[in-house]
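Q: Sequences listed follow chains E and L, in order. So in numbering that gives the first Met the number 0, the last one in the first sequence is 422, and the numbering has no gaps at all. So in numbering that gives the first Met the number 0, the last one in the second sequence is 917, and the numbering has no gaps at all.
No wet-lab data here; the hints were simulated from the structure. Just so you know, not all the hints are guaranteed correct.
What the hints assert, rightly or not - Derived pair list, reagent style PhoX-like, types lysine-lysine, alpha-carbon separation capped at 20 angstroms: (1) L:K64 x E:K101; (2) L:K415 x E:K317; (3) L:K521 x L:K550; (4) L:K366 x L:K613; (5) L:K64 x L:K85; (6) L:K55 x L:K90; (7) E:K187 x L:K374; (8) L:K74 x E:K10.
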Amino acid sequence: MLSQIFILSSKGDRLIHKDFRGETCGTSMDLADTFYRRITSLPGDQAPVFMAHEGQHFVHVRHAGLYFVATTTADASPFTLVEFLNRLVTLLRDFCGPLSEKNVSLNFALIYELLDEMLDYGYVQTTAPEVLRNFMHTEPVATKPFSLLDLGSIGLFGAETQQSRVAPSSAASRPVLPPRGEQGTPMKVDVQGEIRLKCYLPSCVEMRIGLTEEFCVGKSELRGYGTAVRVDECAFHSSIKLDEFESGRVLKVTPSQGELTLMQYQLADDIPSPLPFRLFPTVDQDPTGRLRLYLKLRCDLPPKSQALNVRLQLPVPKGVSSLAQELSSPEQTAELQPGTKSIHWDIPRCQGGSQLSALFKLEVPGLSRASLLELGPANLAFELPAHTCSGLHVRFVRLLGPAGAPQRWVRYLTHSDSYVLRL
Amino acid sequence: MSGSGLSYGEQGGEAASELAQEAVPAATPSAPAAFGLFSSDIKKNEDLKQMLESSKDSAKLDAMKRIVGMIAKGKNASELFPAVVKNVASKNIEIKKLVYVYLMRYAEEQQDLALLSISTFQRALKDPNQLIRASALRVLSSIRVPIIVPIMMLAIKEASSDLSPYVRKNAAHAIQKLYSLDPEQKEMLIEVIEKLLKDKSTLVAGSVVMAFEEVCPDRIDLIHKNYRKLCNLLVDVEEWGQVVIIHMLTRYARTQFVSPWKDDEVLEEYSENNFYESDEEQKEKDQKVKNTYTMDPDHRLLLRNTKPLLQSRNAAVVMAVAQLYWHLAPKSEAGIVSKSLVRLLHSNREVQYIVLQNIATMSIQRKGMFEPYLKSFYVRSTDPTMIKTLKLEILTNLANEANISTLLREFQTYVKSQDKQFAAATIQAIGRCATNITEVTDTCLNGLVCLLSNRDEIVVAESVVVIKKLLQTQPAHHGEIIKHMAKLLDNITVPVARASILWLIGEYCERVPKIAPDVLRKTAKTFTNEDDLVKLQILNLGAKLYLTNSKQTKLLTQYVLNLGKYDQSYDIRDRTRFIRQLIVPNEKSGALSKYAKKIFLAQKPAPLLESPFKDRDHFQLGTLSHTLNSRATGYLELSDWPKVAPDPSVRNVDVAELAKEWTGILGKTKKEKPTEKFYSESEEDEDESSSTSASESESGSESEKEDKEEGSSDESSGSSSSSEESSDSESDSKESTVKKISRAAAKSDSEDIKKKAKRISGKRSPSNSSGTESASSEENSSDSDAESDSKSDSESGKSRNATSSKKEEKTVQDGKAPNKQDVFLLDLDDFCPVTTPVAVPTAAVLSPSLTADLEGLSLSSSSVIDLKKQTMFSWLWVSLRMILVSLLYFRIIIFEGKLKIAITNVGCLRTPPFCQCL
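Bound conformation, chain E alone (with noise of 0.2 angstroms):
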């Protein structure tokens, strides 16, 4: 069970204060204070998810730099305290539109009606979005009228139309990590997909949304005569109605206003497409002494795809003294960071079956075989858009009811989450 809940700014502000048990009256204004001091002394992501304090326990997470705390006194299940604060961040995206220190301190009467519902005497009642909807009365204060997805195409559409709009996104997210063997295989590879669905509709209507028609779940289904989009596992959001999931693929969701996410899936080991990029490293000495480095980097897409953002950091010996470099292309550019001792070679754009390299002539002094070791695993992270690993595709977005045409955007993005490899 939770003594108090507070946010914080990232600044150490506290928007929302609640004292659920009243078991520390006189110091309950100054824990936030404590928490805060003792969560910046500590380094960037090292914060420990437990912290205690004369007989409190801190509990936080951190979203869009605001951090949600509870303490407890007692012995609770930590995962209960952690769940419930992942509930809470998701709950108030629902109410109060996307995280923001500005939309929270507007909404703190919401917030307050929120946490009255969800939390008894510190003991969690429910987090059910449906449930709550029925308890709340408080409107939302949005701080803008409508920010449809962030981002730059959004200037195409125009802005008139935005009382009647969805916006699914297929974002299939993609952590990989398949560092190169003898052979170069892949040593563990792992897709990680969301179907995430913002809508703007003002009025509730049943929304049908078709996958691949392949889309299997698990090893051994099989599906349609063309290639299995296949997935390990599948997750759905709990409003999602899967009446004709198995007959035609089609999620029907009556979904709220904002932010949901409605199926979440994961792949391991065995994805259908070959890995986007590989990198094929050549380690030699110079009659000078310096260490040269050339790197070819392939890019495995199908040529109408394109990767962006592409950033290879690739660790070198410490003593490294100087740089001299060779690149293929006048876009590209890389550079040497002289406090994490590593190579940052940056692409802003790479068409697929496309090959990069680079020549890299590093100034050792002192070199051994030894500091030779110090040579990378190279970090690979890149944006891929209109992409997914998985090949899931949505086919059609439809709603039913006299909605008329509502804009409709489904996009595709891939990103890279540890995508390594090894030298």
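Using the hints, position chain L against chain E.
A: This is chain L only, laid out in the frame that chain E set:
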């Protein structure tokens, strides 16, 4: 505050004008500033007060929002208390809620004024709208004013027999609050808990178990009778309730069932030597276990009913089930949780962190569980350090001969990590693998020696420390490595590493006879600049060399001892004195110095490289104490399995109650039999007051289920048709039984009821058919005034028809009902028709019984039935229900289809499960 602020402002102004001549330039500008500051504050609060007193709701609402905003920012708004508390009776629900927020925050500080609001709550507790009743109870119990303890007690008692499960749920939550306010009420509160534990609503189950855990976690006897019901309801309970119930049931099961782990098997599992055990052996063993041990069916029930929850969307539920299986299931079955736990690793980092901690503990004891998922624990470059180290820990625990080579290659890349803390942890891990798996010790040692030439000092230092530990376990080939390390001594500055090298040289000085004295010579030079840790080891080295090679090192050792004698640290001075007495022979030293060599150069036991998670296993998994590795307040110890199982019959529910349970849970499938049973049993239990009281809740939930199926609009017609049906099918004798029972029960309660009759009728809403029925039953019981009055009003007509078709008596007695209605109509202005817009949630989303409960919520004013009145009529109700159930055969089939969907829908669908359930 406003008053004082004003006066201060005035004084300041005066003082400023007076002192203007006195040449205090600083005061002059500050005074108006202060004045300005305060005046604006006053103005603001005055402004708020005025707004609160205005007649317009919008102004009030605005004011309340600003006040709550002040609370949110931590400003003091207590002075507005009188103005705010007036609005507690506001009709506007939005204002009301904000006033509640304010009250909960400040009531404790302003106890006298807070009492003003109590009467409003007492009135609201009898409101026809269950949402209002519930929130009134919630706020009333949140006001921490000791004077109102009796009022709270009364309110909780009444609410615990409310017809709305939502109100009962709030009553359960109020129990803990009252307990913390006044622990002396414990006995009475336990009674309420006992009553609510019998409740069959899924909404209540979670909340009452929360109360149980806080108020009386040791009263395990209260659970016995409800154990099976809780197990059966579990899937439908709301997810946070599930967590609490599962934890409670885990504790319960550990006290009530015998261990499913065979003793010798347990020992083997725990012993370090035997983890290579093959699966086949394992299976054989299981079969052996099965031969000797049969699991209690209740134990099996718990395991079976929690299994589907592993698919839950809520990480807390999954972990709760995982720990249940870990602590309760036979070893062979516990494996099914590992996949779900690994799945949790895909969620956000806080969850990952706790899951990994729990897996770490599990993997120490039972490697096999997580071995197939080895790759899932590979470290990603984006993981934060805390997760990296945990994964490393798990990988180390999982290492065995088969996978060690892959693991070592993986570790090799981790050592190169930018994150030095992690690299150091990796070296430790390699060390542990090397000691655990003898085949690879040499490989590991060589690898670690290679690392000694690493550029990074932390890596080298860590390697030295680990190599030192490894060498102790491998006394064979030291010479070369020690020589190598002696060379390193010049460059390494990390104290621990230096100390380790010195210790090594000292310990094995006979193997490196030429180098050792030289090292002592070098360190003696730098002695004064060394860290304490290193100084101690220099002394040690000196002593050992003195004993083995006194010719060369006698003077050197003397010199070092002299340096130590005047050192700043106590420790070093003490050690110096001790060593000197022990090794340097003089007249005072006794027999000990003869044995000095044996003392110093004894064979030392090799250090055991152990997992830092070793000591956590005495905490229950999935608890805060386990995560923190220290006892948190309120941690409830998991007891050991009992040697002999306690009497399992305590969980047997009385036959009458069992029958009810059937009607409640299984009734949909077994229709005929329970009906028979029910009546026959009820005859026996005729004068058992407990059974009637238990049936209260039953009838309540039954009527709700009907609401669900029939829809509240045609409820009355539904019941009437069913009653016709009943008159056809039921034999007369049975009816008379029903009558008899209801009569008997009624008599006992009749006194009570008469008193309350008026109040209740005031609460009843005109459209409430069940309400009128209960009223009519009341008349039935107090059959003193049996004036026949054929005239009846239209609302009660239908429902009364339902009953009158069976009993003439009732029609006769019904006469009073319309009168009562009149009374009610006069009081109508008291009844505020608060319409809360309640959207009925979609049935497919939520589990059916939960939906039933929630729909109960949305009924708002129409569901006001005082339960007391229902008491004596419940028998009749149940009989009607039984027939209705048989009528609704088709519906039920659909209903069950939904149920299945709901269960699979609880969480993640991994394999394609839809085809089966549709």
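Q: Please go over all the hints and tell whether each is borne out by the structure.
A: Against the structure, the hints come out as follows:
no.: 1; hint: L:K64 x E:K101; in the structure: 16 angstroms, holds
no.: 2; hint: L:K415 x E:K317; in the structure: 12 angstroms, holds
no.: 3; hint: L:K521 x L:K550; in the structure: 18 angstroms, holds
no.: 4; hint: L:K366 x L:K613; in the structure: 14 angstroms, holds
no.: 5; hint: L:K64 x L:K85; in the structure: 16 angstroms, holds
no.: 6; hint: L:K55 x L:K90; in the structure: 12 angstroms, holds
no.: 7; hint: E:K187 x L:K374; in the structure: 7 angstroms, holds
no.: 8; hint: L:K74 x E:K10; in the structure: 18 angstroms, holds
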